[in-house]
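Engineer: Next come the chains, spelled out residue by residue.
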Amino acid sequence: MAKHRSEKERIALLQGTLDLLILRTLVFGPNHGQGIARTIQQQAEDDLLVDHGSLYPALQRLESRGWITGEWGISENNRNARFYKLTRLGRKQLVSETRQWRRLATAVGRILGPEEV
Amino acid sequence: MFWRRRRKSEDFRAEIEAHLNAETDRMVSEGRSPDEARAAALRSFGNVARAQERFYESQRLMWLDNAYRDLRYAIRTLFRNPVFSVVTLLTLAIGIGSTTAIFSVVYALLLKPLPYPDSDRLVRMVQSSTGGPQRVPGGIRVQELAELRSRMQSISIIGVSNIAIMTMTGGGEASRLEGIRISAAIWQALGAKPLLGRVFDVGEDAPEADPVIVLSYRAWQRLFHSDPGILGQTLVLEDSLLLMLGNKLFAGHYTVIGVMPEEFVFPNRQAEFWIPIARSPSAGGAVLARLSDGVSLQAASAELNTILHELRPARNMTFEFSREQDEIVGPVRRPVLILMAAVAFVLLIACVNVANLLLARSIARQREVAIRLALGCGRGRLLQQYLAEASVLSLAGGALGVALAYGGVHLLRSLASTLSRMDLGNQLPFPRVEELGINAGVLAFALGLSLATSLLFGLLPVFSRLAGSQIQALKVDLANSGSGGRFGSKAALLIAEVALAMMLLVGGGLLIRSFFKLSSVDPGYDPANVLTFQLALPGGRYPVPQLKELAENLVAALEKSPGVEAVAYSWQLPMVAMREGALFRTTPAIPERPVPGPAGEDRRLVSRDYFKTLGIPIKEGRAFNEHDRPDQPRVLVINESLARREFPDSNPIGEAAYLMRDSTPWQIIGVAQDVRQFGFDRPATPQVFVDFRQWPGGSPLGDVPQYFAVRTKGDAFSLVPTVRDIIHAIDLQVGLYNIATMEQIVTNSTTRPRLYAVLMGIFAAVAVMLAGIGIYGLTAYSVVRRTREIGIRMALGSSASQVRNLILRQSMWLVTAGIIAGCAGAAAMTSFLKGLLFGIEPFDLLTLVSVVGLFVLVAAAASYAPARRATRVDPLVALRCE
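Respectively, the protein sequence lines represent chains U and A.
In terms of my numbering, the first sequence opens at residue 1 and continues consecutively.
In terms of my numbering, the second sequence opens at residue 1 and continues consecutively.
Think of the hints as simulated: they come from the structure by calculation, not from any bench.
Hints are not guaranteed to be accurate.
Cross-link-like lysine-lysine pairs, in silico, DSSO-like; alpha carbons within 30 Å at most [as the list claims (entries may be wrong)]: (1) A:K834 / A:K112; (2) A:K560 / A:K517; (3) U:K85 / A:K619; (4) A:K560 / A:K612; (5) A:K8 / U:K92; (6) A:K517 / A:K834.
Computed far set for chain A versus chain U, every beta-carbon distance over 12 Å [stated by the list, open to error]: (7) L20; (8) R269; (9) G448.
In this text, a Cβ means the ideal position worked out from N, Cα and C, and glycines have one as well.
Can you make the complete structure from the sequences, with help from the hints?
Structural biologist: Now the structure itself:
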């Protein structure tokens, strides 16, 4: 049991970031998994490497929490894809998580001080 | 979101596939070859299987999922080994079932509170340290009761009760009712709520008040066919005691004011009615009280004694309060706990057997286990799986066990049920037996027991498996592993099992032998083919002279009936728990201090053919005959004990003797054989017999025919209709009651020892059987394990008998160790049995020797078959088998 909990905590930390980015991406409209991954990667100017393997479990988790809903549809290049859409609950979550992330980033930034050369 | 439909893992898989396709498309459009693109997409995705696994895990509670899988696996495994499963299940069912059945007794007697509110505050006054088998209840007089009620701080309610025996007359056939007179306060103390009507209050518990009666449910059913219109009706009840005392006010018109519910019992199930004690002919009764809140038994007892010593300065007797429940179950508490311990032993043996079976089977699975451990299966998961298997076994065993317990409780009830009569003494019935049953408490116990046993026998093999090294387990081979530690743990379990079974066998053997000794005691009379009964009659029409005439007429009519050998009536019968003083002496002077207690002689008024009817041999002289009429010289028959006491060196026949406060001599004409009057386990006491016809009636009590006895040629019970017809031909208003054969009464008196002997016998038999199975299993296992060794021995020239002896020797060593341990355990334990044994000592050599002999036989039989199988090992096959 003890082992499980520590694993969960670690995952929560990493995934928390991923969850936030997924929610943020979906603000611009429904998208499928690959599209979400591409968007994050492009917007972060490839500084972030999205692990595709953990993206889908993350999507599943967000869906089961009711923050996003998924539905099968046809993608721009005529392939089957599962499209995700932000729910009202998801929007609220995004606002609060964004605020938290900003506070955290500011606080950490203050402690670390000005960037050293 | 639990209610939402679950996403299927195929759907998830399809999504991943769609992602991979989209990525491949993208990279192909960037100019890579399709194969290259697909590989890159897979690479950047990472572990597809792991993602799916994570999806799967996120979808459910993993432990529940595992548990479900383990459960299915366990059930499949059990069905694959039907013989193993059936043996295991039966073993467990017997263990759990018998433990549950005995626990139902423990629950009903010792754990379940009495059916009164706050029953733990309900106390009874008893004499301190009387040391006898039964505590003597303390009695007080009515004046003392008033004093105690007003002065005692430590009790809130106090009341007295005593027995009332009534004959209901007034028209039809008279019937007899046994009930209790109680103070109105006792209703309050018991918190009793009637089913119909009400109970009586203090105002009605007064000598001048109109008589009222509360009926028991049973009496309401038996006499009034559950008629709700009974309330307000008047019953004519005649008080037997007042009638015998010659009191003119023996009859009373009692108004029925209430009916108690079926479950209301006070003080025992025999009580059929309750009436106010104020009209009692005797001056007091047994005391029941309710402790005030927060007062301890000791404090209340101390206060009681202080006040009683003031009230009775002359009498130096101390009393104490004891919880009502303790008083009710007191005589059977220890035996019941001993039975519980015994049945726990049976359960332990069953667990050991099952553990050994599982252990032996897990050897076959050790490669599977080792491989799974090597592949990264957590030990916790492995443990969980073993426990699932054990739980399936034990829960199924528990379910079977509960079914068995139902049968067991039925058996217990029939073994423990006794004649419902007050005259046979209150130590005979088994208390609260009617409350025995399988209820929620007992079922919860059975469930807990099943789970506990599954932990016990499930974990034993697991620990011994997991303790071993994995690498070694991978290499280990069934046939060529030496006689290592694993066999050692099995051997230790077997020794423990044999030792426990031995202890049970010794205990069971002792109780059975003791019961046979008790049953084979010569009672001094011949109980076979004797019918006994009493008469319920309207007392107004039968004062003593008329009653004697009725008795004589009945005897004369019965003697003429076919199938009747002899007829008699008496004041008491053997086993009737009553005693009458006689003041027997050989000089006319009245002794200042009569011989007290059990050594004091007991006076028995009998009719002419009493000795012939009950089959009591006359050792010297003669019995009464038709010449011993009132106008003839007065004659006595004494028993051997009295003859030994009064005439140690001379022949008592023809000697003169004096009885009561009377200086007219009696002549001793005969010596009758001693009779065990108060039970087979009590020694015979001195008795003097007088013929009714010659009794002057010096004492008001003991002068009327009470019991009738008829010796028949065939089945005694078949005579009942004849007796009834004869009685009704004389008087239609006379009824029969307490109809029983003398054999029934005798059997009734040994109910408890029989119950203990039967149960311990069953437990011991089961334990020996289980131990036999255990020995068989272990020996068979050891033969399989040593197949290769045996093959080599035989190849080198060992004979079949040498091989057989090798195997037998090994198992007999273990059994011997177990027997020695068991004897030591039995020696330590049997002192607990002391009070339950009759005629033998707890250390009984014969029992011990026969038990050891029996055990050696069982062990030899159990290990012989596998040993023979060992001799049939083909050396070639044995050597080839890996």
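Engineer: Please go over all the hints and tell whether each is borne out by the structure.
Structural biologist: Evaluation of the provided hints:
no., hint, verdict
1, A:K834 / A:K112, "holds (27 Å)"
2, A:K560 / A:K517, "violated (39 Å)"
3, U:K85 / A:K619, "violated (112 Å)"
4, A:K560 / A:K612, "holds (16 Å)"
5, A:K8 / U:K92, "holds (28 Å)"
6, A:K517 / A:K834, "holds (15 Å)"
7, L20, "violated (9 Å)"
8, R269, "holds (54 Å)"
9, G448, "holds (24 Å)"
Checked against the numbered hints listed earlier, the structure breaks hints 2, 3 and 7; every other hint is satisfied.
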